[in-house]
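A.B. asks: So the chains spell out like this:
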Amino acid sequence: MTAVEVTGLTVRYDGATALDGVDLTVADHQAVALIGANGAGKSTLVKALSGLVRPASGTITVNDRLAQVPEGREMFPDLTVDDNLRLGAWRRGRRNRDTQRLYELLPDLVPLRNRKAGALSGGQQQMVAIGRALMADPEILVVDELSLGLAPLIVGTLAAHLRALHTDRGLAVLLIEQNARLALDLCDHAYVLEAGRIVLHGPSAELARDPRVTDAYLGAGHE
Amino acid sequence: MSDLVGYLLTGLGIGSGFALVASGLVAIHRVTRVVNFAQGAFAVLAAMLTSTLLAAGLPHGLAEVGGVALGAAAGLLTGLIVLGPRRDSPGTTPGTALIVTLGLGVLAYAIEVLIWGDQPRSFPGVPGVAEIASARVPAHYLLIIGVAAPVFLLMALFFARTDLGKALSACASNRYAARVVGIDVRRMGLLAFALGGALGGLAGVLTTPVQQVTFDSDVTLIVNGFAAAVLGGLTRPVVALGGGLLLGVTQTLAAGYGGGAYQVEVALVLMLTVMIVQAARAR
Numbered sequence: 001m002t003a004v005e006v007t008g009l010t011v012r013y014d015g016a017t018a019l020d021g022v023d024l025t026v027a028d029h030q031a032v033a034l035i036g037a038n039g040a041g042k043s044t045l046v047k048a049l050s051g052l053v054r055p056a057s058g059t060i061t062v063n064d065r066l067a068q069v070p071e072g073r074e075m076f077p078d079l080t081v082d083d084n085l086r087l088g089a090w091r092r093g094r095r096n097r098d099t100q101r102l103y104e105l106l107p108d109l110v111p112l113r114n115r116k117a118g119a120l121s122g123g124q125q126q127m128v129a130i131g132r133a134l135m136a137d138p139e140i141l142v143v144d145e146l147s148l149g150l151a152p153l154i155v156g157t158l159a160a161h162l163r164a165l166h167t168d169r170g171l172a173v174l175l176i177e178q179n180a181r182l183a184l185d186l187c188d189h190a191y192v193l194e195a196g197r198i199v200l201h202g203p204s205a206e207l208a209r210d211p212r213v214t215d216a217y218l219g220a221g222h223e
Numbered sequence: 001m002s003d004l005v006g007y008l009l010t011g012l013g014i015g016s017g018f019a020l021v022a023s024g025l026v027a028i029h030r031v032t033r034v035v036n037f038a039q040g041a042f043a044v045l046a047a048m049l050t051s052t053l054l055a056a057g058l059p060h061g062l063a064e065v066g067g068v069a070l071g072a073a074a075g076l077l078t079g080l081i082v083l084g085p086r087r088d089s090p091g092t093t094p095g096t097a098l099i100v101t102l103g104l105g106v107l108a109y110a111i112e113v114l115i116w117g118d119q120p121r122s123f124p125g126v127p128g129v130a131e132i133a134s135a136r137v138p139a140h141y142l143l144i145i146g147v148a149a150p151v152f153l154l155m156a157l158f159f160a161r162t163d164l165g166k167a168l169s170a171c172a173s174n175r176y177a178a179r180v181v182g183i184d185v186r187r188m189g190l191l192a193f194a195l196g197g198a199l200g201g202l203a204g205v206l207t208t209p210v211q212q213v214t215f216d217s218d219v220t221l222i223v224n225g226f227a228a229a230v231l232g233g234l235t236r237p238v239v240a241l242g243g244g245l246l247l248g249v250t251q252t253l254a255a256g257y258g259g260g261a262y263q264v265e266v267a268l269v270l271m272l273t274v275m276i277v278q279a280a281r282a283r
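Residue numbers (the UniProt record's numbering), protein chains in the order written: chain A, 1 to 223; chain B, 1 to 283.
Since the hints were made in silico from the structure, they are not lab data. Worth double-checking, as some hints may not be accurate.
Lysine to aspartate or glutamate pairs mimicking DMTMM-like chemistry, simulated, CA-CA at most 20 Å apart [unchecked claim]: (1) K116/A - D184/B; (2) K116/A - D78/A; (3) K47/A - D82/A; (4) K47/A - D23/A; (5) K116/A - E139/A; (6) K47/A - D184/B.
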């Protein structure tokens, strides 16, 4: 079984090609990183996975239980943290919307439960976004830009949570990330997307040594 | 003094009607971003049907429920036309939708004149006059307040306490995130339209016994309802409620101490002032 299977995916916006024949696989319980610069097409891939954009060609097979941590965190700002979390389980019906188990999993959220999500810091919101996705009881978590705009210390905490979810609970992860060092560190396998095409893929340890990756993505500017 | 109490109660009764229309506008706008100018037509349709049902011998209560149900159905139909018939329909932009609802309001005129004619209609409400603090107020105004108040309370509880209410608020708060968590934004929009239709319908059946209804009564309702809703930027239900009550009281006071001919103008001046102030602040 695979959690995500994408073959020959091509997506065009008004004639401009955003994704061009992308193949990508996330096996069950696997953590996979998708690395790429701004505008490489990472977000388009996420949208295609969630059915928010329609592909021009290619096939996408995703596990029903895919939940998304969207880029920019996308809170419901006027609702409380608890309501944000409950709505994460919207598809699962009323009986499965109890947030108690999630607070045991992410205790950092307990003191925030009655605050408006819009009033939280970026790091807190990212934690809520992860919690909201977990409320869907997913088998694969698609995380779109975990670290964007967040301080390194907070990113470390979030990454630790994500790693624990993957290793302890067998959650499959597709991490879309600009910070290649973080992504390669967190995931077993990685793909490199450039201008809508997969130019490299393989085990993270190999990619981390590949000069094409070290030069472009792990250089001094990315420390 | 007794005059003042009388005007206040009457104003609150009329204002409750405006507030119901305004709440319908806000419910629809929050979830769909559509300004629904067919909102007044829901009230007229509901009132017309209620008068027919009462004339056919249906008891009070049942006839009014029938009217409100027609309002909700008209709201749902408006939603289907505006948002598109299928799950993946692209729908119209909010700007286009505004014109579509305006057109549907005019279409409603034709249907109403065809079925009910162009003469004013009414039906009896609660008979008699109540005496409160030595003020004499037609008892029906107290019924309007007595029905509208719990409806507003129930609405507030629905949005604050139920998951469905929160899902509606979620669509208003962040549409993209609503889609991410799997909320069917279009279906929520249809629900908002049906709710808006029911609220408009309720306004119609409640106020018709004290203000006759004609096919074009929707103009007064929509002008006042919109003025109340625009106070809260079309997104804040509590402000819309307060705005509706304020308008009702102001108009009754103006009519009581001044002349009755300028009631709609009060709403228009208020609405224009609010919009100019808000536009200036948005700069």
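A.B. asks: Would you mind marking each hint as holding or not holding in the structure?
C.D. replies: Status of each hint after checking the structure:
no.	hint	in the structure
1	K116/A - D184/B	violated (23 Å)
2	K116/A - D78/A	holds (6 Å)
3	K47/A - D82/A	violated (26 Å)
4	K47/A - D23/A	holds (15 Å)
5	K116/A - E139/A	violated (28 Å)
6	K47/A - D184/B	holds (16 Å)
Taken one by one, the earlier hints fail for this structure at numbers 1, 3 and 5, listed in ascending order.
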